[in-house]
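Asks: Residue strings, one per chain:
Number of protein chains: 2
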Amino acid sequence: MPHRDPGSVGVVETQTVRLFSDDQPLVLADGSTLGPVDVAYETYGTLSDARDNAVFVCHALTGDAHAAGYAPGAIRPGWWDNLIGPGRPLDTDRFFVISANLLGGCQGTTGPSTLNPDTGRAYGLSFPLLQMSDFVTVHRALVQHLGIARLLAAVGGSLGGMQVLEWATSHPDDLANAVVVAASSRLNAQNIAFSAVARKAIMSDPDFRDGDYAELGVNPDRGLATARMMAHITYVSEDALSAKFGRTPQGEAIRPGFDVDFAVESYLDHQGEAFLGRFDALSYLYLTRVMDYFDPFADTSALAGLAKRPVKFLVVSFDSDWRFSTQHSRRIVRHLERAQLPVTFREIKSPWGHDSFLLDGAQYHATLTAFFDRALEEGL
Amino acid sequence: MPHRDPGSVGVVETQTVRLFSDDQPLVLADGSTLGPVDVAYETYGTLSDARDNAVFVCHALTGDAHAAGYAPGAIRPGWWDNLIGPGRPLDTDRFFVISANLLGGCQGTTGPSTLNPDTGRAYGLSFPLLQMSDFVTVHRALVQHLGIARLLAAVGGSLGGMQVLEWATSHPDDLANAVVVAASSRLNAQNIAFSAVARKAIMSDPDFRDGDYAELGVNPDRGLATARMMAHITYVSEDALSAKFGRTPQGEAIRPGFDVDFAVESYLDHQGEAFLGRFDALSYLYLTRVMDYFDPFADTSALAGLAKRPVKFLVVSFDSDWRFSTQHSRRIVRHLERAQLPVTFREIKSPWGHDSFLLDGAQYHATLTAFFDRALEEGL
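Residue numbers (the working numbering), protein chains in the order written: chain A, 90 to 469; chain B, 90 to 469.
These are calculated hints, taken from the structure and not from any lab test. Be careful, since some hints might not be right.
Examples of chain B residues lying across from chain A (beta carbon under 8 Å, computed) [stated by the list, open to error]:
#: 1; residue: I281
#: 2; residue: R336
#: 3; residue: G346
#: 4; residue: D381
With a Cα cut of at most 20 Å, we get these calculated EDC-like pairs of lysine to aspartate or glutamate [stated by the list, open to error]:
#: 5; chain 1: A; residue 1: K401; chain 2: A; residue 2: E436
#: 6; chain 1: B; residue 1: K401; chain 2: B; residue 2: D462
#: 7; chain 1: A; residue 1: K333; chain 2: B; residue 2: D384
#: 8; chain 1: B; residue 1: K333; chain 2: A; residue 2: E426
#: 9; chain 1: A; residue 1: K401; chain 2: A; residue 2: D381
#: 10; chain 1: B; residue 1: K333; chain 2: B; residue 2: D449
#: 11; chain 1: A; residue 1: K333; chain 2: A; residue 2: D358
#: 12; chain 1: A; residue 1: K333; chain 2: B; residue 2: D462
#: 13; chain 1: B; residue 1: K333; chain 2: A; residue 2: D384
#: 14; chain 1: A; residue 1: K397; chain 2: A; residue 2: E426
#: 15; chain 1: A; residue 1: K438; chain 2: A; residue 2: D408
#: 16; chain 1: B; residue 1: K401; chain 2: B; residue 2: D94
All C-beta atoms, glycine included, are put in the ideal place defined by N, C-alpha and C.
Isolated chain A, as found in the complex (with noise of 0.2 Å):
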């Protein structure tokens, strides 16, 4: 039984809240309104009578509001499981952590798969195109009704790292700390290569429709399959990937042929066949596309102010991450330390490359839990 995992949060639902409504709607980064607006989200451990033991956590690209925990039947845990519970780096004896859907996402809170309540279709393309910082003003208005002033910590994985950097240097008084980890400041050239082709493999399957797919009762799965299974090339380093599967024939013997031969294959086409059955098209291209603009340090001039309150950042990057290096995460270093901010930098040894954020190697655990512990000790 799950919930008898000592270190497990145990069963846990999604519950979903309306943050902006027609009357007062969402306004947006480019000016433009959205509303209604839902918003997916968990909490998990118990919010101190002081209110200053919240932590958010932000979910990358393809992640959700279920961070922790077991859905009720669930026989796997929620993303982030090995992070937050009893006892674990998040510890909910001590912590309460708030978890949420994207805005844009498909898992709950409002995106371009969600019924637009004025012409009672799917938005599809005509969802408004997002910036990062929609993202954090949609998870601040679930902070404040969850009736936190401060956060004593907001923390995420490569997009949900971004976001946290969004968070931190846009509105610094919403939190004391922040940790950012595998994350990139700014997407270069081969960055966004990727996920062009991505998009273009969506957008080119036959059954996207102009992204009005869902209500023509097709899905573009062989577009999102593809670019699921390039992706995860990307998310797992070259070495691990060698270790894990090397050339082993998928079948009992080598049969050539252009179906699965390999392991590697096997193992490639079933994440893109699991992805299909949890994730959008349409959320693939919006998410993917906010982290593409994505450059907060494009003006300096935004971080002048931000020492005056400072937010302690820790950034953490893995060595063998090639989808966003080291380097990514030194040049958010830079920006910081030369906006006179508090930030420890921690280049972990990982062999797992990018998906390394989503794991619980020793050291990163240990350096995290570190983080948070001295958090605690601080204070708001």
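Based on these hints, arrange chain B on the given structure of chain A.
Replies: Showing chain B alone in chain A's frame:
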């Protein structure tokens, strides 16, 4: 006028020769037969009276017989024109250079898009699966047809280098020197993974039609373009993409959307589109699968007899190549050295990644020139 270029071999027309017939078919490595087999090829320079100055050029995955000079009316020269011509490393005033399209290709040599005379329809997926040694068998037949008993050298990059490696280790009497550039003796899991996703993109395109697209009057353009775009990312180094494109917007200003916003996207789009006009989806499947299975050192006893009349090897890698990194070349060198074969290894500094083998870097070309000059001096 291109043919006024003093370093160019001038206007060259691809020739085609039938090397295997219905009666005397090609016997493939797996025991099956194929006939007729036509081979497209070009030659540059003049075969010496002693027939001792012939160099065979092996092309990469998407190359063709047209390595040098200008096709009639063409503005752009062949794919390895910077290497081949008067005064160039393969100096056509001294060397007789042969370049031929691969078996299974789509540029004049028999391949899956060729009409099967037995059925009157294109082979499609009924074309036999190939092995690297089949490429060699066909090109050996061409060399024999040209009246050449022994090659002074064979040279190739990427898949071309792999063919050279196969040729030199399976038929060492055929050649005196072998130049293996940016190649691999065994694809790793990541290499296979990228090829698997490329094939997935092609085969999941509804217009692939189980390989019968040609006779149905369609073409899996979307899948093939996606495959090419993704592969192209792996041919270029991260730094080269950054240096060339950075985050430059494609238009005058960034107008966010899901089309081509960044210059790197436009570039990849163009790579995908241009590819459609010159390459066939089935050839992509067949040739990449040959690469996946290539593993000439799996049985090291096969190398035992090679030291008797040793082929002299030059193995070249590029430090920014992440498709076939220097690690791949070092593995080749290690096996050749264990077999007591003379091998010179150079890791060339080049910022351009895998595609460096097609460029005319000074250190690279100086290395090739020295090797070819020495080869000519020593003779057969």
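Asks: Going through the earlier hints one by one, which of them does the structure break, listed in rising order?
Replies: Per hint list: 8, 9, 12, 16 violated.
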